[in-house]
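Model the full assembly from the supplied sequences, consistent with the hints where possible.
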Amino acid sequence: MKTDNPESSTLPTHLGLILDGNRRWAKSQGQVPMQGHKAGYANLKTIVADAFERGIKYVSAYVFSVENWDRSKEEVDYLMKLLLWVAKTEINQYHKQNVQVVFAGEEDRLSSDIKKYMRQAEEKTRANDGGTLVICLNYSGKLEIVAAVNKYLADNPGTNKITGKQIQANLYLPDVPNVDLIIRTSGEQRISNFMLWRAAYSELYFTDTFWPDFDSDDLDLALKDYAQRQRRFGKG
Numbered sequence: 183m184k185t186d187n188p189e190s191s192t193l194p195t196h197l198g199l200i201l202d203g204n205r206r207w208a209k210s211q212g213q214v215p216m217q218g219h220k221a222g223y224a225n226l227k228t229i230v231a232d233a234f235e236r237g238i239k240y241v242s243a244y245v246f247s248v249e250n251w252d253r254s255k256e257e258v259d260y261l262m263k264l265l266l267w268v269a270k271t272e273i274n275q276y277h278k279q280n281v282q283v284v285f286a287g288e289e290d291r292l293s294s295d296i297k298k299y300m301r302q303a304e305e306k307t308r309a310n311d312g313g314t315l316v317i318c319l320n321y322s323g324k325l326e327i328v329a330a331v332n333k334y335l336a337d338n339p340g341t342n343k344i345t346g347k348q349i350q351a352n353l354y355l356p357d358v359p360n361v362d363l364i365i366r367t368s369g370e371q372r373i374s375n376f377m378l379w380r381a382a383y384s385e386l387y388f389t390d391t392f393w394p395d396f397d398s399d400d401l402d403l404a405l406k407d408y409a410q411r412q413r414r415f416g417k418g
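Going from the sequence shown to this note's numbering is simple: count from 1 and add 182.
Not one of these hints is a red herring.
In silico DSSO-like pairs for lysine-lysine, Cα to Cα no more than 27 Å straight-line:
1. K227 with K278
2. K324 with K263
3. K209 with K227
4. K347 with K324
5. K255 with K298
6. K343 with K333
7. K347 with K417
8. K263 with K209
9. K306 with K227
10. K406 with K227
It is worth saying that the hints were derived from the structure and are not from the lab.
Okay, structure coming up:
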């Protein structure tokens, strides 16, 4: 549901979402963790659609970090099946909504099927211009910077210096702008290795609400809070 929200001139161009609290939500409902992840993804679809409806151009969703491999095999296997389903099947819904879908993260531990459907999803939605959804999968902000430096050095043998612009040009998705606002749910107040390069001057918004319960009204509260802030970008 779209409620009164900030003017487009005060909206973030790039919204980052740290989808925290799925497992605690499931526990509070007397359900297993996997049901929390299922509910969390269903809510992600809703919030992404709401964000694009409000005029936000980019939404980055932190769906699986490199640290998440340390969870139980049962939970990781379920998450991989869910992510495969998203890349293989749900992409059709995003395409109908004119949403471009791209992926950011290390691919070394992902299955060949997931990687295949990731590429197909990116190709299918490449020309869509109704908003860009960045799915951060097997993602680490630190590893993204390391990978960017290594890529530049590999492409420029013999160099002994690298600039910020050169790092930016070699990130996973160099054309995606810096993150203006990061929302983290469930009461945790940290960014947990999310979009480190692009989050240098991000505004941060924390809410105690578990991710599956974060709704359109919660999104509007975050956007109104953001609209009232004076961004200084380190200039005092």
